[in-house]
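This is what each chain is made of:
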Amino acid sequence: MPAIVYKVSGRDNVGTALSRLEEGVEYPVYEEGRGFVGTVKPRVPIPAWHKVALERIEEGGEVVKFGYVIGVAVAAVEEGDLVHVTNVLLDPAYDFRQMVKQGLVLGVIPVRVEKGEVLRVGANLKPLHPALRAAPLRSRVGVAASAIAEGGTARLGNIVEPPPRLRRSERYVRLVRDFYRLLRAGLLEFARVEVG
Amino acid sequence: MPPTVKAYYRESRKVYGVRNHVLVLPTTLCVNRLAELIWEEFKGEQWGDNGENRVVLARHNGGCCHVGFELEVAFRTLLGIASHPNVHGVLLVSLGCGQLCKRPLAPGESKEQNLTAFRLYDRLVKRGVLVRWVNVQEPLRGSGDGFERAVELGRKFVREMVEEAQAAKRVEAPLKRFVIGVGNGASDPTSGLFANPAVGYVVDELVRNGASVVFSQTTEVLGSEEYLMGKVSDEAVARKLRRLLETVYALKEALAEYVGESDPTPGNIASGISTLAEKSLGSILKAGLDPSIKLTDVLPYAHPVPRGSGLYFMDTPGEDVLSITGMVAGGAHSVIFTTGLGTPVGSVVSPVVKVTANRETYARLSRIIDVYIPVEELFSSGASLRELAMRELYPVVLEVLSGRRLTKSEVNGQMDFDIRGFWLRA
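Top to bottom, those sequences are chains A and B.
Just so you know, we're using our numbering here: the first sequence kicks off at 1 and counts up by one.
Just so you know, we're using our numbering here: the second sequence kicks off at 1 and counts up by one.
Chain A with its partners taken away, still in its complex shape:
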């Protein structure tokens, strides 16, 4: 694919890199139905098929792709920044660009962490990223931007899932969860569950 940034809809504030983009080089932006509409200069290298910000997005601002909100910025994003998944807000001590260059996964979470919990090396984060291997035990890496399940990975970036638009039935969730808990504990067997 050519080194072009593809914008799906006129409303989008992020575009997709069709191949790897270098830092500081100007690339054309193509908008579906309109053609070439301008340029963007990445501030960090953008891997192929990843998103680059086409304008500044404030902290808490909506990230729009396909003409729809795909997430909320958990930190301010500058034009030319990589926009990608996170569950971790990184502490300023770590060089964000360095992390991006070397991959996005920081480590594995051995025990479930809740939103807002501080992530520390060796405590609730088993580091995988080369930049964290030399970090002293219990050094603070960042804060969980959302709950991370046991065995999940701590990832780096600047965008989180937008809040769900549908009201969920808490009662039903609890019911189903209890069902599977009992099943796993061996207190319930399929044969005894009535269906219909």
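Worth flagging that the hints you see were computed from the coordinates, not collected in a lab.
Given the structure is predicted, the values throughout are model-derived calculations rather than measurements.
Ideal Cβ positions, reconstructed from N, Cα and C, are used throughout, including at glycine.
A hint or two may mislead.
Pairwise CB distance ranges, derived in the manner of DEER restraints [stated by the list, open to error]: (1) B:G413 <-> A:K126: 21 to 31 Å; (2) A:K126 <-> B:A383: 49 to 59 Å; (3) A:R112 <-> B:A383: 45 to 55 Å; (4) A:G61 <-> B:D290: 27 to 37 Å.
Chain B: place on chain A using the hints.
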């Protein structure tokens, strides 16, 4: 002037089929091999102007020991596939003791007492479907082994139906008599950016010209509520949709502890997908981009899709074969299916048109993929994605419907079909 399709008209059912297949359908998984033995006799036979019709075999892993709701779904799926417009006639291969088998009444047993067993056969007859059956456990007249007699009898019935089917001719029919399904699987970044929106433009055109279009894969639409709710203009449809999504969200949440990390998967993240919303929007744009086309209704799995223009959403698993099977059992004459990495998937009675926007995948797997959307032209010639889709895909869909072109899935003999189970499969 909306385009027309040349199709087979079935007087007894008042439907048009785009193929004229004869279907061999086991009513329970125990007789898959028997059904296969009957089918093997007709393996190489093809008829129609381009050899697009044949004897097809719908092997599956269900039809027995279903409970409650699951039995209903198995019944609807078998009924839907056996009475599919693309099927000229069907041979039901029964064991005898299965839940959905056709078998003679036991001494003293009334038809009412044995309702399930007769329901499939009786409903097919009532619908005007040409149906024959063989039954392994029933003592057949004549001497010799009962299993072999069942094979012989089955082959005799199929031969009769094939001879009838060969005599049929295609006639002109308006697009509003047809149902088209859309789906996607084995996706990559080109699917969400190019292939699915390209299909979306074709879907808009099909609906505008009177066709019914159905999309599915419930687990993959989670996260695109903004799009879906924008497609709803009717309060009753909105309620149905909300209830369905709430249930699936709840199930997914409850299962998350067991399945591990939920969407987007580590593989998605590595290829640049950040959130569930982004992932599902890339997938759902195949249901159309014209905001004035609204969702007509939300349908349960394998429920018949009404003909005569409209956009329908069917609740199916995200898995390719089961989602295609659901839509085809609902009456989809053909399915448009996008892929990025490449998949050979097809359907037993309906042609599946596979589309990719990944040049390398198409070059490597053109034996299983029908259409390539040449996206590099967007940047060189200034053509829009809509123009590319209307030029490369739309005519192919119409040609496939009229039998002038066989899909790769048909050429490769992909007779994919299965019965949906509800335990530990989403």
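Hints, verified against the model:
Between G413 (chain B) and K126 (chain A) the beta carbon distance is about 49 Å. The supplied range of 21 to 31 Å is therefore violated. A C-beta distance of roughly 50 Å is found between K126 (chain A) and A383 (chain B), which places it inside the suggested range of 49 to 59 Å. As the Cβ distance of R112 (chain A) to A383 (chain B) is approximately 50 Å, the hint placing it in 45 to 55 Å holds. The hint said 27 to 37 Å for the Cβ distance between G61 (chain A) and D290 (chain B), and at roughly 28 Å that hint holds.
Consistency with the previously given hints fails for number 1 only.
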